[in-house]
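Chemist: Could you slot chain W onto chain H? The hints should help.
Residue numbers (the numbering used here), protein chains in the order written: chain H, 1 to 162; chain W, 1 to 253.
I should point out that these hints are in silico values taken from the structure, not numbers from a laboratory. Just so it is clear, the structure is predicted and the values come from calculations on it, not from any experiment. Among these hints, one or two may not hold up.
[To be verified] Here are the simulated lysine to any residue pairs, SDA-like style, with alpha carbons at most 20 Å apart: (1) W:203 - W:215; (2) H:134 - W:199; (3) W:203 - W:193; (4) H:134 - W:118; (5) H:134 - W:58; (6) H:84 - W:120; (7) W:209 - W:193; (8) H:84 - W:50; (9) H:84 - W:63; (10) H:134 - W:39; (11) W:6 - W:147; (12) H:134 - W:33; (13) H:134 - W:147; (14) H:84 - W:118; (15) H:84 - W:215; (16) H:134 - H:106; (17) H:134 - W:68; (18) H:134 - W:35; (19) H:84 - W:38.
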Amino acid sequence: MVAVGVNPEITRLFELLGSVADPEIPVLSLLDLGVLRDSSIDDYKVTITITPTYAGCPAMAAMRADIETTLAAAGYGQVRVQQKLSPAWSTDWMTQGGREKLRAYGIAPPVNTACAHAADGIECPQCGSAQVSKISEFGSTACKALYQCQDCREPFDYFKCI
Amino acid sequence: MSSQRKALLDYCIALGDDSLTLGHRLSEWSSNGPFLEEDLALTNVALDFIGRARMFYAYAAEIEGKGRSEDDFAFLRDCREYRNFLINELPNGDFAFTMARQLLVDAYDMDFFGRLAGSSDPDLAAIAAKAVKESRYHLRRSEDWIIRLGDGTEESHRRTQDAFEQLWGYAAEMFDMSAQERQLADAGIAVDRGALEAGWASKVQAVLKQATLEVPADDWSIRGGREGIHTEHLGYLLAELQFLQRAYPGLQW
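So that you can see chain H by itself, here it is in the shape it has in the complex (with noise of 0.2 Å):
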């Protein structure tokens, strides 16, 4: 186990797997998502730590699968992929820059501390106003709800606090 930024290998692996997309919602790396945990190098094997989002969420399995072929293609020959649950996942952990990605993409990040009612301070992905009103408590995907802002009329979807 070597620490980030002290070998230049485990950089590297840092860069490479700032290029994985969240399968979902690619204008997000699985760096700003927050899920990678742990990366270590051991005689040439290599063991990424993530963690999951959603218990069900089906993106895992494809962020498994991403992560290896991307590895595998930087040369990376012996890759394993693990996963840790404690501490669960939160969105706390989405990287400032991510949720300006998303806000971009069309939508609204997660409010910034991981709240039980979390309805408070919801902004249109559009034109920013504060007058939204929810549609349904899940979207597309686990990970998001529907909204509808209430001034220009735009649905759309918020990535929820959790």
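Modeler: Frame of chain H; chain W shown alone:
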């Protein structure tokens, strides 16, 4: 395997069975929801439950250490080996019945997983900490729906009241502790479910009151899920769930 290890294995399997049977029932709504957003919501909640089942079964497989996989637990056990609460296997009925069941289960899950997150077993605690975050969303939605349906039209009120009457006696077994589970609870691993009943009842009653619904009478109960004694419905559920692995053993895609 020590008796406590065996109890832990059984505990994980039962929790996996609860999640899988209800997740499967909810998945049956896919493409049959009352409208598109609700179809998506039901399917999303189904995924959360199936994801839980995978985590519990994967942990059970590790504890058992005999090379069985999470899929083996799901697809290659018959009714009498399933240990889920009966409420989870009941057919979906109408939308009111589905949401009434969700309210009863989600309210229970919030407390149950909230406490299991403090288990002295780190793997169980990790799964529970993950699950409780999702249950918080599930419960908000089931509360909203029950209030809308109960305090809605004459028909939605009647259907929702009927649903709670039909479900009420199935909730009782959620609070029964077996001797084996008691042993785990004493060791700080399992949750004392009996202690959850009062809080659950007052939570559910408050929602029913707001929904202008009557709290059903506690004059009947049906139990047996944790002992493997099921309703006839589980057999049909498993026949569909397990068909591919039974017809084509080991099939993958």
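Chemist: Take the hints in turn and mark each one as holding or not.
Modeler: Evaluation of the provided hints:
1. W:203 - W:215: Measuring from Cα to Cα gives roughly 12 Å; hence the hint holds.
2. H:134 - W:199: violated, 29 Å
3. W:203 - W:193: Between residue 203 of chain W and residue 193 of chain W the Cα gap is close to 15 Å, so the pair holds against 20 Å.
4. H:134 - W:118: Outside the cut-off at roughly 33 Å; violated.
5. H:134 - W:58: violated, 36 Å
6. H:84 - W:120: This hinted pair holds, its Cα atoms lying about 18 Å apart.
7. W:209 - W:193: violated, 24 Å
8. H:84 - W:50: holds, 18 Å
9. H:84 - W:63: holds, 17 Å
10. H:134 - W:39: holds, 16 Å
11. W:6 - W:147: violated, 42 Å
12. H:134 - W:33: holds, 19 Å
13. H:134 - W:147: Measuring from Cα to Cα gives roughly 16 Å; hence the hint holds.
14. H:84 - W:118: Roughly 18 Å between the alpha carbons, so the hint for residue 84 of chain H and residue 118 of chain W holds.
15. H:84 - W:215: violated, 42 Å
16. H:134 - H:106: With Cα atoms ~16 Å apart, residue 134 of chain H and residue 106 of chain H stay inside 20 Å; holds.
17. H:134 - W:68: With Cα atoms ~44 Å apart, residue 134 of chain H and residue 68 of chain W exceed 20 Å; violated.
18. H:134 - W:35: This hinted pair holds, its Cα atoms lying about 16 Å apart.
19. H:84 - W:38: violated, 31 Å
The structure fails hints 2, 4, 5, 7, 11, 15, 17 and 19 (numbered hints given earlier, in ascending order).
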